[in-house]
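There are 4 protein chains.
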Amino acid sequence: MSVRVVVNGIGVIGKRVACAVKKQKDMKLVAISDFMPTSTLRTLLEPKGPLYKTDLYACSQEAVKNFEGKMYIKGILPELLHSGEVDVVVDCTPKGVEKLNKPMYEAAGVKAIYQGGAKADIAPVSFVAIANYEEALNVDAVRVVSCNTTSLVRTLYTTDQAFGVEEVFASLIRRATDPVKSDKKGLLNAVVPEVKIPSHQGPDVKTVLPHMNITTIAVKVPTTLAHVHVVAGKLKKSCSSEELREILRNGSRIILLKHSEGYESTAQIIERFRDLCRPRYDMYEVAVWEESVTVNGKNFYWIHAVHSEAIVIPETIDAIRAVTGIETDKFTSIEKTNRSLGIEH
Amino acid sequence: MSVRVVVNGIGVIGKRVACAVKKQKDMKLVAISDFMPTSTLRTLLEPKGPLYKTDLYACSQEAVKNFEGKMYIKGILPELLHSGEVDVVVDCTPKGVEKLNKPMYEAAGVKAIYQGGAKADIAPVSFVAIANYEEALNVDAVRVVSCNTTSLVRTLYTTDQAFGVEEVFASLIRRATDPVKSDKKGLLNAVVPEVKIPSHQGPDVKTVLPHMNITTIAVKVPTTLAHVHVVAGKLKKSCSSEELREILRNGSRIILLKHSEGYESTAQIIERFRDLCRPRYDMYEVAVWEESVTVNGKNFYWIHAVHSEAIVIPETIDAIRAVTGIETDKFTSIEKTNRSLGIEH
Amino acid sequence: MSVRVVVNGIGVIGKRVACAVKKQKDMKLVAISDFMPTSTLRTLLEPKGPLYKTDLYACSQEAVKNFEGKMYIKGILPELLHSGEVDVVVDCTPKGVEKLNKPMYEAAGVKAIYQGGAKADIAPVSFVAIANYEEALNVDAVRVVSCNTTSLVRTLYTTDQAFGVEEVFASLIRRATDPVKSDKKGLLNAVVPEVKIPSHQGPDVKTVLPHMNITTIAVKVPTTLAHVHVVAGKLKKSCSSEELREILRNGSRIILLKHSEGYESTAQIIERFRDLCRPRYDMYEVAVWEESVTVNGKNFYWIHAVHSEAIVIPETIDAIRAVTGIETDKFTSIEKTNRSLGIEH
Amino acid sequence: MSVRVVVNGIGVIGKRVACAVKKQKDMKLVAISDFMPTSTLRTLLEPKGPLYKTDLYACSQEAVKNFEGKMYIKGILPELLHSGEVDVVVDCTPKGVEKLNKPMYEAAGVKAIYQGGAKADIAPVSFVAIANYEEALNVDAVRVVSCNTTSLVRTLYTTDQAFGVEEVFASLIRRATDPVKSDKKGLLNAVVPEVKIPSHQGPDVKTVLPHMNITTIAVKVPTTLAHVHVVAGKLKKSCSSEELREILRNGSRIILLKHSEGYESTAQIIERFRDLCRPRYDMYEVAVWEESVTVNGKNFYWIHAVHSEAIVIPETIDAIRAVTGIETDKFTSIEKTNRSLGIEH
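Protein sequence lines, in the order shown, are assigned to chains H, G, Z and B.
Heads up: the first sequence at position 341 corresponds to 341 in the numbering used here, and the numbers run straight through without jumps.
Heads up: the second sequence at position 59 corresponds to 59 in the numbering used here, and the numbers run straight through without jumps.
Heads up: the third sequence at position 324 corresponds to 324 in the numbering used here, and the numbers run straight through without jumps.
Heads up: the fourth sequence at position 13 corresponds to 13 in the numbering used here, and the numbers run straight through without jumps.
For reference, chain H alone in the conformation it holds in the complex (with noise of 0.2 Å):
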């Protein structure tokens, strides 16, 4: 039996989180619901989109006007939420939204998975599936973490497994803003620190990793590709630049790029996924520069650059399983989950 979903909020995220439910064996992409036409529904729709013949909802009875003699939609959300044809909804819509958006879901009796962008109290589980995907089974709503958080706790779970981290510090180098909203949003020519210190990143990682000792600091550059952190930090147990090298290319979700290959900035990094043809050429792992990863006593360092468009895909296809139960075991959903993506582990 197929989990059924709806995706409400077609926006960067949403988008590919319908266009991945869609290559779940186990999964139905009900519907996907959003409160406005905009160009990506109407190309997502089209006979050539990856969701031709999707069922379009208006996200509200007020949003209904909105598509009117412009898209054809099928229905409003809540009727569908409480129609018993959804079990699972994902919200993706923008940061704020998701709040008001909560008793709709809690009033359907459909379990919700939030983004990132939600405050980490929106869900009893803020989520990474390699870390704590046990946690969110059978709950009623899960958070999938933000992009800089995702990386970072994939990188940092994977090495305190293996050696204990004592204290990390973490520089978010941020993308300004997506590719697609970069003539709107965009920034030129000059660097935005985040004054506010911890950034927000920091406390997030806790959400998940209760016990890591992070602070992060953020500023935001003029490239749309991927953020880029430099890590650095202290573990417990010494190891050999090339022990944590090691644990990192065997790490959930983590690929190692050389420099010496190629990888000399984001842009090669970026082209590899347009090469390999990845659907929007998206990069769900982290990529962390090999040469980068430098261990110096019991200091650690690397850099490591996050597809923030992309990255949180998978985490949110294996919340899906987790809260509806259908797989119990963490490491079967992200082998489904990465098989149906074409991530390697």
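Mixed in with the good hints there might be a few duds.
Below 25 Å or equal to it, Euclidean Cα-Cα: the simulated SDA-like pairs (lysine to any residue) are [to be verified]:
#	chain 1	residue 1	chain 2	residue 2
1	Z	LYS185	B	LEU257
2	H	LYS95	Z	LYS185
3	B	LYS234	H	ASN296
These are computed hints drawn from the structure, not numbers from a lab.
Remember, it's a predicted structure, so these values are computed and weren't measured experimentally.
Starting from the known structure of chain H, fit chains G, Z and B onto it as the hints suggest.
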């Protein structure tokens, strides 16, 4: 029977040509060839890569040592060309190298397709499918013109057929470099004019459309996504803006996108092709902003975008059919190519 | 006797106008006025700032509270204007605000200079010094046209006087925003066309040069330094490229810079004015790339750069002289302004 | 008596040093020297240029021919150095050239100041005025450390004096290139990490502050305005955030700017120095975002900006005084330099 094709030079254009050849029912990709191992070659040939199991050749005896101990090569290109197992070589080597390769291709009696970086005299025919497919039938060599020239020929040929074009002036706002090279050949917060007027694209259009009265001026700007052309001209026969839009809308490999539907910049245009899951988000079509198509008396204007990495790929495939004569009707070849690449018309 | 000037609105243009007024022997900067305290105001008024000890006024009674406890204000603008101590107010407020201010200026019987963001009907005369200084003599209000329009009027007026201009087409490659706003209104790796053709600058040129037959099309690109115009047109009387260069070289507030001497992009042009130690590197002149000035039969072409922050400053100073009638000869006013700002001719 | 100074190499740093030397009452700019004519040299030496009438020398006999027929040179540098009319040469030649020049300076018995691109062993002392002025007194040669290192030394020395610094980790978010080179060495929409950890700046700090326990990691981003450093460390003696702010606020050549007063990015910081009419908007100070200065237990953090073109200029002037011994007190030299350049403390 399939045309047997080798692609020499696996960079931005070559890798796309190789992938496109693999999608043609009437062609066979015999091998790819290059000068040295690159991250691109490695990615293309790995198990999840689009050219997995394709034979790799060194482009010359001198190049063999570059691959030793790094990537397996099956042999060297000159020997392969002389083996009688290749009908056409597509030369996608860096600008200036193609003329060094020409004697090798001629000595082997293999037909050759060159790219637009080559000078016009490299081949007897400069080529854009819709404009002069017939001229390329069964010739020994063809030069597919550059991305900018291709976009101008497609749109101006179409306009000229319908209303006659008296004269044209185009300003080319060029992307600085390809995305993958943007950390090495980037441009940052400046605009670079080509002060020699006209720029080479105007004369280049005439290699395909000899009677077109065109002048071009080019400037380079800090973007990687696409070139943008501002086109202004005079028609021989007046028409309405809507009539010209209709003609362009039906033109070969031309699409009209509406600013009012969300295509406000090159960012949303490229995002469309990411959402369509085109490999590497390749836009093979010229994208004209619909509202910009304006006719005032006999004066006409429009603005179009050119995906420099991709636009010449379908022309290259058609050129292979033309030089080998396996398809003598241009519309049939164009239709085959379009269907294989997901182009609508 | 000095003309007594107030500048209302201390943003990118207003701060420059205020500093330029201070440099005029026949003018006195009575005060500056603004809506709220900003880092700009603080910097200008600090001991090392260029407007140290200048009186600051709130632009209205409503604005007073914005300054309370933050910056000292001497009073409110309407009262100052009615005091009889002001001859001219230069309105540099954000687009759309100037028309709300107009009644205040008129009620006080103070002459007003508006900027090019205002609609043409804000004032009886739209102004570029070399083209129509005389029309502005002793009128009540003048609108100094925008940076792009100013550059076109200067160069086309000069060309027209010498050879006659039959028609003109200009592509405007616009800087995305001012440097100081580039973290809020930036543009990143995309090109944004204005799809309504013609763009407003063409008609705007005609507010100064009514008989000029001009069409403009604009696109926005990710740069902050300068606009670049690609100009193409037809002369009434043929001439050589060198003759047109000579005419432009001698034109008012036009400079010719050679690509071959290192001016390869807008970056080196701006660096020239940094090296000349112009305040804020302001380039008041239109900079034409010398080699780009090309005449072919009666067709002419050139490429020029416009420092959008600075080009209208000398025109604004001249406009003050014109409306007050303290200088009736345009060449004398231009010469005074030029000398005070370091402009050569 | 004035110290007689020659500047060799008139690029981004050299032109600023020459202009700064001219402003010192106790120094005389004897000449400037370069390898070939450039637009920079032409601009500096034209009548409105800041070095008008300064003597220009070819840097060597071989360079003479580069100037022939292009720019007047008074002679060649080696002869000038041997003439007895020069006390100090400031070498601002491209990285790697300085070590070829060293024997020339030594043979002439002229003291030499090198820049931070040189290796530390070029001179017996690596120099930041506030940290080790005394060590440079009367030595034959001094190396002024690089812009990034200078900013770290100034701030960490200041912190260390007050509270003791146990260890430091800094992430350097580097501007891609200087504004004037951004069309040739630009970077566009990508982030480039230095994968060798630590980057060279950490060890370089130790050439001035040998006991500082510091590690640095650097990434390059698409901006020209300024470097940004994210600094994290541990104090020996705890203090409050406000105490550390106060110490930094009073540090030599350090300024604190408030995000809350409009300094939201490097764009507004640079704009401040444009508004102050600093030549070329040069910011000689390290600018620390005030709100970012945070102490938590013994952990401290801040974010600062470094104007790479300008920060080493005052140090270079101080170095001239130190090596010649005309001023033996560091605070007096710093005060003289500061006053001449408009630096407050």
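Here's how the hints hold up against the structure:
| no. | hint | result |
| --- | --- | --- |
| 1 | LYS185(Z) to LEU257(B) | holds (22 Å) |
| 2 | LYS95(H) to LYS185(Z) | holds (21 Å) |
| 3 | LYS234(B) to ASN296(H) | holds (18 Å) |
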